[in-house]
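> So the sequences go chain by chain: A and B.
The first sequence: position 104 = 104 (our numbering), numbered continuously.
Just add 419 to wherever you are in the second sequence, counting from 1, and you've got our numbering.
Wrong hints could be hidden among the right ones.
[Unchecked claim] Pairs of lysine-lysine residues, derived as DSS-like cross-links and limited to a Cα-Cα distance of at most 25 Å, are as follows:
1) Lys432/B with Lys262/A
2) Lys134/A with Lys39/A
3) Lys428/B with Lys262/A
4) Lys383/A with Lys428/B
5) Lys391/A with Lys428/B
[What the hints assert, rightly or not] One-sided excerpt, in silico: chain B residues whose CB lies under 10 Å from chain A:
6) Arg456
7) Gly460
8) Lys495
9) Val532
10) Tyr536
[What the hints assert, rightly or not] Chain A stretches covered by chain B per the calculated footprint, using a threshold of three residues with CB under 8 Å from any CB of chain B:
11) 40-53
12) 155-162
13) 273-279
Please keep in mind that the hints were generated in silico from the structure rather than gathered at the bench.
All C-beta atoms in this analysis are idealised placements derived from N, C-alpha and C, irrespective of residue type, glycine included.
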Amino acid sequence: MSALVLSSSLVLMLLLRQRIVIMLMLAAGFSYLVWGDGKLGYVVLDTWAAADQEVLLSIPLFILAGNIMSRGSIARRLISIMREAMNPIPGGLAIATVLSCAFFAAISGSSTVTLIAVGSVMYPALIDAGYSKKFALGALCAAGTLGIIVPPSIPLILYGVMTETSIADLFKAGIGPAILLTSLFVIYSMAMNWNKERAPFNFAALVDALKNGVFALFMPVVILGGIYAGWFTATESAAVAVFYAVLVELLIHRDMTLTELKETSLETATMMGSLFPLLMMALSINTFMAYEQIPAALVGWMTELVSDPVSFLLITMVLLLAVGCFMDIGSAILIISPLLMPLALSQGVDPVHFGVIMITNLEIGYLTPPLGLNLIVAMTAFKEDFWLIAKSVVPFLVLMIIGLLIVTFTPSLSLFLVK
Amino acid sequence: MEFARAFLKVVSKAERTITLLAFAIMTLVIIADVFSRKITGVGIAGAPRIGVFAMIATAFVSFGLASDARRHLRPKFADAWFPAHWDGAITRVQELLTAAFCLVFAIVAVGVVQETYELGEATRMLRIPVWPMQAIIPLVFFIASIRHSIFGLIPELRPVLDDAEGLDAIPSSVTEGAEGEKA
């Protein structure tokens, strides 16, 4: 009966267009009042405990580093290198688009930022070079999603925080699937544009582009190399990323002023203001569930229904694909990962691998209507029809589902750097 | 109405200043700590704690900034289930409900802070009392309650944005920049 009351209240809140943080507040308060000790104070205490964690420091720092780099000229410089390097290859500009997205994703950590930063330069360039609108939009939207699987990825950090999994290991595990998805996009781009006119290779122009973009290229090396070599923890690498971004944009490229840095910091803080309360409420519910042994009960119930890891992973994939259509990735991770994690463990799935599966799965949600964020962003940024964009991503969705299946059923692809 | 407008303006300005300050402290302290540890082998004592407290201050105070920028995430797929002419009324209810929840949370938080004060809880490393830091929670949610009450009662003061809700992952600076380049 109480569960029905809570569910009905949440549906009512949804109809009244309530914010997710308020809905989580209701769920946490209701849980403690009705099923717990009846003390609402625990919600506040859990919120405090959730916020009081050093590991969370990496989130605002990575977002800040990404925002600084996005505001400066890093994207333009990276694109320039990729264009010069890919010119002589069939579909070179399309491949340059995909690789620019992958590389920029390793700097920004965000899919939408990647899509806008690269798309604003490459979309007009692709159209001018004779690529179809449909292909250009599809390639940009799909390659833009690489931002959440290529480390450093905010969703991977959120998963690590919610499930107490090593963020450094998750970052290492994201590399294999990111390379796989990038390769699939590159091969498709090449195949689809085999007959497009190719520009001659210009070695001098490439060297010039490399000179201009060397600091941009070095950024992922600093972050990922530092983590992989064991020099930095995730939080340390985030701090180094901010320092490096400020150094490059303010002093070397000189493409950013102090006023712009201030605005970027404020922008990042505003993002924290929407993300962190959500994270804290989700962790409060998580604490309640753990205290009440709900995940254990869920595992018991699920093991009766699912007897092997393959069925579990297939059911999880379908569930997450459906969730990705209606929920943003941050909320989905915060709410679903603590529930699915014990089930994954009970089926013998590695927690790091499961994190990568979850993120790859939810990444597809960026491209699925009605709430695919990259579709909405592309519609706004490129001023194109929503359904044209939705149709343009279909071939890439197929590629991503193929990639997801490979990632899911080939654990070594994710774990080869971890173990 | 003018008083409410002035109140919101002052609150927003204060929130921006505090957020910026706390964010700068957090970033600088953590960077200094990491470099100190890597260069001298010894970190700055208590730096991660200061960084975490600054982060908590930033996260809570910027709750208001997110409200002002309408960046709080909400599911939008059910928006079309009601007729469009109900929008005004639903928005009022939405804001007043948010205000009510923030108020309840603030009142409960006061009790928690009082308890922490009476217990004399202090941080492990810095040995400073925890309650002044915790006090930020009721304060922020009281202000949020007032802010959303104003939005509910005087909808003209509610920030008007094109379609920011649900697109919180996109820094507006980036969007503007991209559109600017295209233009």
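> For a quick check of understanding: which of the numbered hints are violated here, in increasing order?
Of the numbered hints, 2, 4, 5, 7, 10 and 12 do not hold.
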